[in-house]
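Asker: This is what each chain is made of:
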Amino acid sequence: MISGGQNLVSSPPAFSIDAKRLLVCTGSTVSVFSTATASLVSSLQGHSAPVTAVVVVPTSSLFSYCWTASIDGTIRHWDYSVPECVKIIDLGFPIFSMVVPSLMSAPEESDAKSPNVFAYVSVSVQGRNPPDGRPKPRYGLIRKCNLTHFRRVSNLILKETERPESLTISPTGEFFGIRDKRKLHIWKVPKMDSDSAVCKKITLHHTKTLTVLAFHPAGKIVAAGDVTGRILIWRGFGARKFLKTSGLVNGGVSMDEENKFDVRGDDAETCTVWHWHSSGVRHLSFSSDGAYLYSGGKEGVLVLWQLDTGNKKFLPRIGSPLLYFVDSPDPSFSSISCADNQIHILKMPSMEIIRSISGIKPPLSSQDICEGLSSRAAFDCTSGMVAVQTENYGVQFYSLFANRGVYEVQVCERNHQSVDEITVVVSFVELSVDGSMMGTVEVKLPEDGIGGLVCLKFWNLDDNKRFSVSTLIYEPHRDAHISAVAFHPTRPMAVSSSYGGDFKIWVCKEDITQKGQMVLNSGWMCHAVGSYKNKAMTAAAFSADGSVLAVAADTVITLWDPNNNVLVAVIGETPMPITSLVFAGKSDYLLSVCHGSKPQLSVWSMSKLAASWSYRLQIEAVSSAIDLSYFAVLALLPELNECTFKGDGIILLFNVTDPVPVACWSVTKAKGGGLAFLKGDSSEEVVDGKPLQTQLAYINGDREYSIFHPYGKEGFELSTNRQDDLVCEETGQFGYSAIYGELPKFDLKRSTTSSISSAASERPWEMIFSGSSHKLPSLTKLCSEFLESLLEKRPATVE
Amino acid sequence: MEESRVEKNFPVRTRVKSKSRSQKQSPESKYWSSFKTVEIPNLISVPSLSFSPTPPHSFAAAHSASLTLFSSLTLSPTATLSSFSDSVSSASFRNDSLLLAASDLSGLVQLFDVKSRTPLRRLRSHSRPVRFVHFPRLDKLHLISAGDDALINLWDVALESPIARFLGHKDYVRCGDSSPVNSDVFLTGSYDHVVKLWDVRVRDSSKSQLQVHHGSPVEDVLFLPSGGMLATAGGNSVKLWDLIGGGKLLFSMESHNKTVTSICVGRIGKDFVEESNQFRIMSVGLDGYLKVFDYGALKVTHSMRFPAPLLSVGYSPDCSTRVIGTSNGLIYASKRKIKAEENQKESESSLFWRVAPLERTEKKVLRPSHFRYFHRGQGEKPSKGDYLVMKPKKVKLAAHDKLLNKFRHGEALVCVLGNKNPGHVLAVMEELVARKKLLKCVSNLDEENLELLLGFLHKYCTLPRYSSLLMGLTKKVIEMRADDIRASQALRNHVRNLKRSVEEEIRIQQSLQEIQGIISPLLKIAGK
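One line per chain: the protein sequences are A and B, in this order.
Take the first sequence: its letters are residues 1 to 799, numbered as in our numbering.
Take the second sequence: its letters are residues 1 to 528, numbered as in our numbering.
Since the hints were made in silico from the structure, they are not lab data.
One should not assume that every hint holds.
With the C-beta cut set under 8 angstroms, the calculated list includes, among others, these residues of chain A facing chain B [stated by the list, open to error]:
id: 1; residue: K191
id: 2; residue: K313
id: 3; residue: E413
id: 4; residue: N415
id: 5; residue: V424
id: 6; residue: P446
id: 7; residue: E447
id: 8; residue: D448
id: 9; residue: G451
id: 10; residue: L453
Pairs of lysine to any residue, SDA-like flavour, derived with a Cα cap of 20 angstroms [unchecked claim]:
id: 11; chain 1: B; residue 1: K475; chain 2: A; residue 2: C199
id: 12; chain 1: B; residue 1: K476; chain 2: A; residue 2: D448
id: 13; chain 1: B; residue 1: K524; chain 2: A; residue 2: H205
id: 14; chain 1: B; residue 1: K475; chain 2: A; residue 2: P446
id: 15; chain 1: A; residue 1: K313; chain 2: B; residue 2: K524
id: 16; chain 1: B; residue 1: K440; chain 2: A; residue 2: I450
id: 17; chain 1: B; residue 1: K524; chain 2: A; residue 2: Y532
id: 18; chain 1: B; residue 1: K437; chain 2: A; residue 2: Y532
id: 19; chain 1: A; residue 1: K444; chain 2: B; residue 2: R435
id: 20; chain 1: A; residue 1: K241; chain 2: A; residue 2: C199
id: 21; chain 1: A; residue 1: K444; chain 2: B; residue 2: P11
id: 22; chain 1: B; residue 1: K391; chain 2: A; residue 2: F93
id: 23; chain 1: A; residue 1: K444; chain 2: B; residue 2: A427
id: 24; chain 1: A; residue 1: K671; chain 2: A; residue 2: P638
id: 25; chain 1: A; residue 1: K444; chain 2: A; residue 2: D463
id: 26; chain 1: B; residue 1: K402; chain 2: A; residue 2: E413
id: 27; chain 1: B; residue 1: K437; chain 2: A; residue 2: E421
id: 28; chain 1: B; residue 1: K437; chain 2: A; residue 2: D448
id: 29; chain 1: A; residue 1: K298; chain 2: B; residue 2: A427
id: 30; chain 1: B; residue 1: K437; chain 2: A; residue 2: P489
id: 31; chain 1: B; residue 1: K394; chain 2: B; residue 2: V114
id: 32; chain 1: B; residue 1: K476; chain 2: A; residue 2: I450
id: 33; chain 1: B; residue 1: K475; chain 2: A; residue 2: G449
id: 34; chain 1: B; residue 1: K440; chain 2: A; residue 2: P446
id: 35; chain 1: B; residue 1: K437; chain 2: A; residue 2: P638
id: 36; chain 1: A; residue 1: K312; chain 2: B; residue 2: N405
id: 37; chain 1: A; residue 1: K533; chain 2: B; residue 2: K524
id: 38; chain 1: B; residue 1: K524; chain 2: A; residue 2: S531
id: 39; chain 1: B; residue 1: K524; chain 2: A; residue 2: V566
id: 40; chain 1: B; residue 1: K402; chain 2: A; residue 2: V301
All residues carry an ideal CB built from backbone N, CA and C; glycine is no exception.
Looking at chain A on its own, in the form it has when it is part of the complex (with noise of 0.2 angstroms):
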């Protein structure tokens, strides 16, 4: 089995030592890609659940560790280069968030006894049961654990809040800090740290929600955005609290001291307020020297604050909200991370986009706004590839078995403004069944009832195995929308069908290359429009040789030639209106599938022109296997069933002729997920006379999938034999080397005589000044070389 489609952004990658690898979160494991080529180079496995916190060791170049937290609540360290798991740490809750103080600040002298390293996390546990029988509440809360010499989670708990919280910290480790609604509370790690050591903690007050912070490297600076998009700046904060020389102080104290300073009366010396961000700010850091800040939030812009001016500097239009800008330790690298799942690595001074890690896009943010227009995944069968609507109105290819983005295009040419209201939206993709066309849906939401538009778009494969738009067709069926495009198999003919009461069949006139001529004007033409009794046109399939077209009007399905566009047959009927039409590979069945309150799957003989046999299921989705008579569908459990099976989903594979399914598995966020069977290598053994070529993908609703062998056993293991490409690591300088090249060997040995070239140790003291004068060394050099050679030389034994 193959999965994945994992989101890289759940949480913020960290990069290695020497910045050549970025560790990302995606699920339950540690990816690690390469910076140079960002491709995939290994992942670490172990965590049961989500891993939410990946910190890098800094020691040195030679060893290569991290410290991962995860939801299962264990903290694990790792060797990521080999990579493998050197040690677990159970703490029994789940963690949100790490930080490991002492890794941040300088390695000091190594003392005999290396220090208990410490971890603050923040973890959510369950709150004590309220009298009335209400649930427990779940809270967040931050305590400290020993990962040096593990025993248990330390008594102190620093913070109470209701949600966990993400900690952040500041470069020196001296600080870290959360936010809680509209308060930051920062503490400052003690310089001796042990299980019972107690953190000095201040707060910062503001007047409206809090949504990041960051701190200075240097100077005692702490930035925080806010929801509105300000961006605050408290310069000397904790100056009278933290450098007081007191000794312990104990809870209790503390909260006496912190009603000391109360409204404006915060511990800090000067608060700045910048404001350009129209919405919340996503995330705030400051540059490794401290010059500047770095913001950015749901606008989809990088802001480079200039933090003595105020001066902005913007990289715009990255495409989609920002969550996490990352510093590598090279200076010359940053990366962002954004929404769209999406890691993009920046060549800093320049803050140019030099290469991407892209994930699956995510599905449309607000698909309930526009329920019945979003997409569902397009899947091109033959290469693997899985084409998905994204949210700046373009269609991303992704290769299911390499696990990453191909490429995009751009369906819409608009800029896409991240707002809540969507108004454009690419409402279908679909593919034909070698991948060489693809047909997109484009629809423009009318304000108020004007300005509405449906746009057809047919694109053709270009030269460089990329689509490339072909036929662009306004308002097909006047202004009604389109139920459903479906690709001849074996022709360049398509067919559309319309809400509005007709189909249309378009062929694509073959390209004309006359010799020394341009070429003719080719592109896709209406070739005929069909209506039956002015019914909703709701769905569209042809057969697996193209001689017929099916067309679903309302609850009947008409039969067509498609050719001479003529009706041959109509068959029917179903309980709701037909929602998508199969047809079952190369067997003379069809499929129909419809929702509602009677939701139906009906499988309908061609032969008999008759019902053959139906459930009653709500189906999700529905697939067929090209050459075999199998088919796949994706029904949706009621919610009573939801305990029996352990997903909300289930996917049956089907012989058309047999309404006892072959086999069923149990999935997860199935709603809005697809199915799709794939053709696998050729070169594939044949496992109990079932052929393994084919391969069944699911795709779930949040767009995480996997590629399973639908007619193998129980648990049958897919051995991964993608081919990966070779990562070709380029072994690139960074930092000062990558500026002014390899600093030559400083070497202490070098004797200053070696650049003598007529050293004369070897001679006798006679000899040296013999010869002609011009080659003669200068005599500074000379003159100590004769007095050395004077000097009786000592017994070798000695040295």
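Fit chain B to the supplied structure of chain A, relying on the hints for placement.
Answerer: Showing chain B alone in chain A's frame:
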């Protein structure tokens, strides 16, 4: 690997117009339409046009009782011969262009010296109007004439007397041609539907060598340049005959709607197609069409319409001039536009013997006294091995795009309305709809700009391309800004105009629906 990609800045785009699916102009019709036509007016019906066979290929046009010589370079008349007692019917140049023969309806054939324009000979033998006179192409001493008396005379020009007389046609003889390969053979065509081939060496005057039956009165007849084929025109058809094969019909071109009055052979440019396929038959008819017929491929390659019945056509041997005579006294003379480089070539070759202008030898050294000194070297082209540092191309954005990028929606709308490009206005409006800001913009327009918007709506809201958006918008605008419109006289005028154009559109739609009502039953019947 997905390459790094920053989302680009997309300016608003106007809707793509559909391209016509009809085939583009073929190169040959492009050639023929490269002739630039001028009208030569103030004549009376032009029944005959003939080109002189030697450069500069002046042409003679017969009209009424005079014959005018035109220069084919300037298309202006150079001389007029008017010593005719009746309408001139036909004219012909001798192959050295020194003599010109002309016939008139009185039955007289006259010969003129082209240079001095003095009549040299008067040939009188025909008793009825002469319709056709022709110098054989390879013969300087004889002349053929024929006319309404159905007689064909072969004249000795010097003696001023007919040396042979051919009888055989049963009706008016209207046309004829001599062979381009044999000086003794010629053709005549007559209203008795027959074209006869005569040989002057056979003195049996009533026996033609060959005859073909065209099927309708023959208006014109022509030897094709090979000499082995002939073309006849009559009725609505032009027919091709194979002489060597004994007068076999090869093809009948019937694309004219009325009588074909004249045909001629023309050559298209040398560099254009291979040698064997250069000749075209040009035919003109009373339907006003000029058709160019490729008799190698047996198809009409170009067709052109003139607003008058056409009577005669002529094409200069150097392919540069085409003249067409009409019945209402116009001559459509066309000259091909010769490209500048061709001219250049010609002028260079003519310069060959002249002394070239003295080349400036010493190079002028730029001094800092001159402005150009400070720009020296900036126009230098990179040599092959140079590494080019490219400047990133600056994206040019229209003013409304810049405003849209800054979210200044109202200003963008006003800015684009001022530009008078309806496509751009629509594109900006669509973008505003996508941002859900259009109605807000409309409600915030001040009176002056509202006037601008109403003017735009009046002009374009009924255009089918734009109406789907603009009709809805118009309604909204009037609803939303009713109070402002009521308050201002100028706005009320605009609304009145708007109302008028909407009423006009409704009328058009109604009449179209009426037409549809008539047509749809017919289509139903046709479909069955």
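Asker: Next, verify each hint and record whether it holds.
Answerer: Here's how the hints hold up against the structure:
Given the 8 angstroms rule on beta carbons, the hint for K191/A is violated: about 44 angstroms separates it from the nearest Cβ of chain B. A distance limit of 8 angstroms between C-beta atoms decides the matter here; for K313/A the minimum to chain B is near 15 angstroms, and the interface restraint is violated. With 8 angstroms as the threshold, the beta carbon of E413/A comes within range of chain B, its nearest partner Cβ sitting at about 4 angstroms, so the hint holds. Look at N415/A: its Cβ gets to within about 5 angstroms of chain B, closer than 8 angstroms, so that hint holds up.
For the restraint placing V424/A at the interface with chain B, the shortest Cβ-Cβ distance is roughly 5 angstroms, inside the 8 angstroms limit, so the hint holds. A cut of 8 angstroms between beta carbons decides the hint on P446/A: the least distance to chain B is about 7 angstroms, and the hint holds. Contact between E447/A and chain B, as hinted, is supported at the beta carbon level, the nearest pair being about 5 angstroms apart and thus within 8 angstroms. Taking 8 angstroms as the C-beta contact cut-off toward chain B, the hint placing D448/A at the interface holds, the least distance being around 6 angstroms.
With 8 angstroms as the threshold, the beta carbon of G451/A comes within range of chain B, its nearest partner Cβ sitting at about 3 angstroms, so the hint holds. Because the beta carbon of L453/A sits about 7 angstroms from the nearest beta carbon in chain B, less than 8 angstroms, this interface hint is met. Taken as a hint, the K475/B and C199/A pair is broken in the structure, with Cα atoms around 68 angstroms apart against an allowance of 20 angstroms. Restraint check: the Cα-Cα separation between K476/B and D448/A comes to about 9 angstroms, which is no more than 20 angstroms; the hinted pair holds.
Straight-line distance between C-alpha atoms of K524/B and H205/A comes to about 80 angstroms, which puts the hinted pair past the 20 angstroms bound. Straight-line distance between C-alpha atoms of K475/B and P446/A comes to about 15 angstroms, which keeps the hinted pair within the 20 angstroms bound. For the suggested pair K313/A and K524/B, the alpha carbons sit about 68 angstroms apart, so the restraint of at most 20 angstroms is broken. With a C-alpha separation of about 13 angstroms, the suggested pair K440/B and I450/A falls inside the 20 angstroms cut-off, and the hint holds.
Between K524/B and Y532/A the CA atoms are separated by roughly 17 angstroms; this keeps the pair inside 20 angstroms, and the hint holds. At most 20 angstroms may separate the alpha-carbon atoms for a hinted pair to count; K437/B and Y532/A exceed this at roughly 39 angstroms. A C-alpha spacing of about 10 angstroms is found between K444/A and R435/B, which places the hinted pair at or below 20 angstroms, so the restraint holds. Distance check on the hinted pair: K241/A and C199/A sit about 12 angstroms apart at the alpha-carbon level, within 20 angstroms; holds.
Of the supplied pair hints, the one linking K444/A and P11/B holds, its CA atoms being roughly 17 angstroms apart against a limit of 20 angstroms. Under the criterion of a C-alpha separation no larger than 20 angstroms, the hint pairing K391/B with F93/A is inconsistent with the structure, at around 56 angstroms. Only pairs whose Cα atoms come within 20 angstroms are accepted, and K444/A paired with A427/B is accepted, the gap being roughly 13 angstroms. Between K671/A and P638/A the CA atoms are separated by roughly 12 angstroms; this keeps the pair inside 20 angstroms, and the hint holds.
Restraint check: the Cα-Cα separation between K444/A and D463/A comes to about 31 angstroms, which exceeds 20 angstroms; the hinted pair is violated. The suggested pairing of K402/B with E413/A holds, with an alpha-carbon distance near 16 angstroms, which does not exceed 20 angstroms. With a CA separation close to 12 angstroms, the supplied pair K437/B and E421/A stays within the 20 angstroms bound. For the hint linking K437/B to D448/A, the alpha-carbon distance of about 10 angstroms falls within 20 angstroms, and the restraint holds.
Simply put, K298/A and A427/B have alpha-carbon atoms about 26 angstroms apart, too far for the 20 angstroms limit, and the pair is violated. A C-alpha spacing of about 43 angstroms is found between K437/B and P489/A, which places the hinted pair above 20 angstroms, so the restraint is violated. In summary, the hint linking K394/B to V114/B is not supported, as the alpha carbons are separated by about 68 angstroms, beyond the 20 angstroms threshold. A distance of roughly 9 angstroms separates the Cα atoms of K476/B and I450/A; the hinted pair therefore holds under the 20 angstroms criterion.
Taking the CA atoms of K475/B and G449/A, the gap is near 11 angstroms; set against the 20 angstroms cutoff, the hint holds. Simply put, K440/B and P446/A have alpha-carbon atoms about 14 angstroms apart, close enough for the 20 angstroms limit, and the pair holds. Distance hint between K437/B and P638/A is unfulfilled; the C-alpha atoms sit about 42 angstroms from each other, more than 20 angstroms. A C-alpha spacing of about 18 angstroms is found between K312/A and N405/B, which places the hinted pair at or below 20 angstroms, so the restraint holds.
Distance check on the hinted pair: K533/A and K524/B sit about 17 angstroms apart at the alpha-carbon level, within 20 angstroms; holds. In summary, the hint linking K524/B to S531/A is supported, as the alpha carbons are separated by about 16 angstroms, within the 20 angstroms threshold. Simply put, K524/B and V566/A have alpha-carbon atoms about 16 angstroms apart, close enough for the 20 angstroms limit, and the pair holds. For the suggested pair K402/B and V301/A, the alpha carbons sit about 17 angstroms apart, so the restraint of at most 20 angstroms is met.
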